[in-house]
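Student: Kindly produce the complete structure, drawing on both the sequences and the hints.
Protein chains: 2
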Amino acid sequence: MKNIKIAIAQKNFTVGDLKSNFEIIIDSIKKAKQNSVKIVAFPELALTGYFPKDLLLNRQFIDENEKYLNMIVNNCDSITALVGFVHKDKNNIYNSIAVIQDKKIVKIIKKPNINTFEKRYFTQHNNIEIVELKIGKNNVKIGIMISDEFENSENNVDVTKILMEKGAEAIFCCSASPYFINKLDNKRNIIINISKKYNVPIIYTNLIGGQDDLIYDGNSFAIDENGEIVTICKANKEDMKYFELDKKQSNQTFPKINKMEELFNSLVLGISDYFRKTGFKEAIIGLSGGIDSALVAVLASEAIGAKNVYCYAMPSEFSTNHSITDAEKLAKNLDINYSEIPIKNDYNNLMNTLANEFKGTEFGLAEENLQARIRGIILMSIANKYNRLVLATGNKTEVFLGYFTLYGDSNGALAPISDLNKVEVYALSNYINKRLGKEVIPQNIIDKKPSAELKDEQYDPFDYEIVAPLVDEIVNNNPTKDELLKMNYESNLIDKIFKLIRYSEYKRSQLVTGLKVSKAMVCNNRKMPIVNGYNLE
Amino acid sequence: MKNIKIAIAQKNFTVGDLKSNFEIIIDSIKKAKQNSVKIVAFPELALTGYFPKDLLLNRQFIDENEKYLNMIVNNCDSITALVGFVHKDKNNIYNSIAVIQDKKIVKIIKKPNINTFEKRYFTQHNNIEIVELKIGKNNVKIGIMISDEFENSENNVDVTKILMEKGAEAIFCCSASPYFINKLDNKRNIIINISKKYNVPIIYTNLIGGQDDLIYDGNSFAIDENGEIVTICKANKEDMKYFELDKKQSNQTFPKINKMEELFNSLVLGISDYFRKTGFKEAIIGLSGGIDSALVAVLASEAIGAKNVYCYAMPSEFSTNHSITDAEKLAKNLDINYSEIPIKNDYNNLMNTLANEFKGTEFGLAEENLQARIRGIILMSIANKYNRLVLATGNKTEVFLGYFTLYGDSNGALAPISDLNKVEVYALSNYINKRLGKEVIPQNIIDKKPSAELKDEQYDPFDYEIVAPLVDEIVNNNPTKDELLKMNYESNLIDKIFKLIRYSEYKRSQLVTGLKVSKAMVCNNRKMPIVNGYNLE
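Residue numbers (my numbering), protein chains in the order written: chain A, 54 to 590; chain B, 54 to 590.
Hints were generated in silico from the structure; no laboratory data involved.
Any given hint could be a false lead.
Given that identical chains are not distinguished, each listed pair holds provided it fits within a single copy or across any two copies.
Stated by the list, open to error - Straight-line C-alpha distance at most 27 Å; calculated DSS-like pairs for lysine-lysine:
1) K552 - K438
2) K572 - K560
3) K194 - K300
4) K580 - K72
5) K55 - K502
6) K549 - K438
7) K58 - K83
8) K141 - K572
9) K412 - K385
10) K141 - K539
11) K160 - K172
12) K72 - K86
13) K539 - K143
14) K141 - K172
15) K539 - K549
16) K549 - K157
17) K560 - K580
These numbers come from a predicted model, not from an experiment.
Tutor: Quick look at the structure:
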């Protein structure tokens, strides 16, 4: 692999948008050629976007994807391109990489180790092949892997081993690997160790961009046969890198990961891509004066621009003065649009409408939820009027405890922080103020006791320092009660949390899409029965 | 298998409720013994209920399931019981049948052909074994299949063939096979054909009862080695049948299936079990005066009793008089609780609250949705106040066209008819009136033009006779546009329907659980990207 210029095309593709993905690929190939590149690598399923889900069940979509691939082929002279697409063979479809050279497809590599969710669509392909390429006067043998097949625990086939046995001189890993907290370091180590084990260079091309709940973080890189860094692509941004494996600056290191910075940038990318790719421009957020909605407002104004963010404080009779002043101050700090819409009249009117039904009953959950639902209606009405999207502000801890109002504060098209626990919400908020060197999120919002303010003197009935990690533990690891007792959680607390989680499954079953930032995502990965007679207590 | 008394225990189990499932099993074994039964067969995963989903990830749940199994073992003398449970072996769990005899587990049969969704939890087991039993003085060889493995299209292993090669004298098929329209006939034929092919008796034990979106319809049966019926269990009801394979009435036939009767009873079972198993007793329904809410009211009053159904007509300024009189008449016919709650004042108040935001705009979607959302709020408030469940009334055609208001008429804990298309809604309504020999659903509700009544002179902009099957075709079969044109659908209509379906994915992603009655269920089976750049037009 000496003297061969290679390019990593870390690009942002959109699921289903074949035309625009095609254009991105053509444009990248053109730029690579201008840079005398001989081999350019794209991410997994670049042409269709990752992951197309049930679009893959539609023959028309598959046919059009192949039509666009042929148009790419016709544009590929004097360069070899590795392009992810869906290959159809008889009645099967394969997650594939087309190896294109001299306006011909010289090889189609099909993914052997398909993921659980890919099995709904793709056929597994077990015949692992090497690709022999003529680059200038030289013949080179490259191995192509689709996705981070190294880290697939269900791995049936050790693809790297077979590729090496077949004489691979370099491994191109074309991937679509989504972000979660603490993933990147581990992934880098795995890839470097594989390189060192087999003395083989690895060119790792990852997708970048948001798609529904997933955020692909880029962070592509190339390493030489000693596992030493040749080039590194940006995190959370498109990037193209041109390099030769045998010409590198020595002693490069990966930039140290700042967990909060990484989290912030990932969430911002997830939000901005959701808006851009669905064609929406403006967001609506209800500001409660609390930390969750404040954080979402910061993320949204970073993602789509402050002038596109419309915030509303909607005080009821139980709202405190500081809620309004804090919300107002936040909006001013961010320079986002801000209005107050008191809901007291609407609440009283609806209580009047319900007077006959509620006769003789006391103020309770129904009245609390009513306030949240009036707010939800107001936000949705404005969103419908001006074609904006409501952002839901719930965090993972409340979402699992069911500590939110269905059809109220959970309303929205996207829930940017529903996979962050309450402790992470505080940590990220503190990071933001520190990062910007000023108080963007008013300190009082960070310092005050969390409250839903749906009745007098109401404070969240949880010590989040204890409860947030407990909820995460339960959700991530499915512990038994005994195991939790051994971790020194109190018996009564464990029972209470088990119960709250169990009784709120039906609420989560209707929850808006959130951005995944943890290994075990709230809604996406969890599949609990709603009708469920089992008590863990 | 001569002179051996067998029992099919077609029982209603609850997911997760190990204690109550245990009691049902013990009670059934006791009854079987009283009837001199030698072998009693239970459905798949009887002990845990089907399907426990992520409860299977919890070690405590698995351990308790095995503890209860041991308690069953201790109760099993002088009878052989085939009991579905989760077997743990090292770090793997298996969908299993315990063969219990003389207070011992004599064999554990593990399911070889596990379904796609079961793969998340269970390990596949490929060693297919026969069970040799001593019944009285005789030795018999029985084959045990878990689930309708015959009809599994992904079938890797032909279990029946192997069991027959190993000398099975009878096949016990312990299953949890959910209902959908037109399934039963086909299933019966498959099983009868297998029996005839191998000249083997088959004892088919199916689960009965509702679980979340699925309705298990029972309809268990036993056939002799000529595929001739020995016994038939009831549809949609618990049943126990005691029989000997060689002693049967001749020329029994399956009762002819009345599709509408079957549909009606299945939906009623799905609703009643949702309430009973979650511990709720009372339902709330918003009556629009239209056909969908009328049908849901009939189903609910049949499922949980008329006195437990609370209905509300909530007229706005756009509601017609006949909407109210029709709703009132329906409520009277059903003898359900009925109130009128006009929403005009609340609507005007909220419009007033929004006046500043809406200044200079015209009446449109926002105002239409606002009415539906006020109704949604009112129903949820009453539900919260009295611990009732709201039933959502949308049908499959509107659900896919996005012709409903999110956080409005889609609010609810269960959507009983969200998997029926609009034509099926009419057919079932007509059947109901015919069945009861009187006008339960006022004829005017059936005859009038469908309307959402959210603005003046608004009628549903669809010819449902054409659009309902078109939507079903798209959703079930993923056709290309060309294929739809060949079916004589108009080009413009196809484009419009494709667009409506695509733009409403995000609404469906938040949709309440509905009862599955079609092969391709609305929410459960469909996995579409929300951010999606692909146009089928």
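Student: A separate judgement is required for each hint: does it hold in the structure or not?
Tutor: Now for the hints, and whether the structure bears them out:
no. : hint        : verdict
1   : K552 - K438 : between (40 Å within a copy, 20 Å between copies)
2   : K572 - K560 : both (21 Å within a copy, 26 Å between copies)
3   : K194 - K300 : within (19 Å within a copy, 71 Å between copies)
4   : K580 - K72  : between (35 Å within a copy, 22 Å between copies)
5   : K55 - K502  : neither (62 Å within a copy, 75 Å between copies)
6   : K549 - K438 : between (42 Å within a copy, 22 Å between copies)
7   : K58 - K83   : within (14 Å within a copy, 78 Å between copies)
8   : K141 - K572 : between (32 Å within a copy, 26 Å between copies)
9   : K412 - K385 : between (43 Å within a copy, 24 Å between copies)
10  : K141 - K539 : between (53 Å within a copy, 23 Å between copies)
11  : K160 - K172 : within (23 Å within a copy, 32 Å between copies)
12  : K72 - K86   : within (21 Å within a copy, 69 Å between copies)
13  : K539 - K143 : between (56 Å within a copy, 23 Å between copies)
14  : K141 - K172 : both (15 Å within a copy, 25 Å between copies)
15  : K539 - K549 : within (17 Å within a copy, 59 Å between copies)
16  : K549 - K157 : neither (63 Å within a copy, 38 Å between copies)
17  : K560 - K580 : both (13 Å within a copy, 20 Å between copies)
Checked against the numbered hints above, the structure breaks hints 5 and 16 and satisfies the rest.
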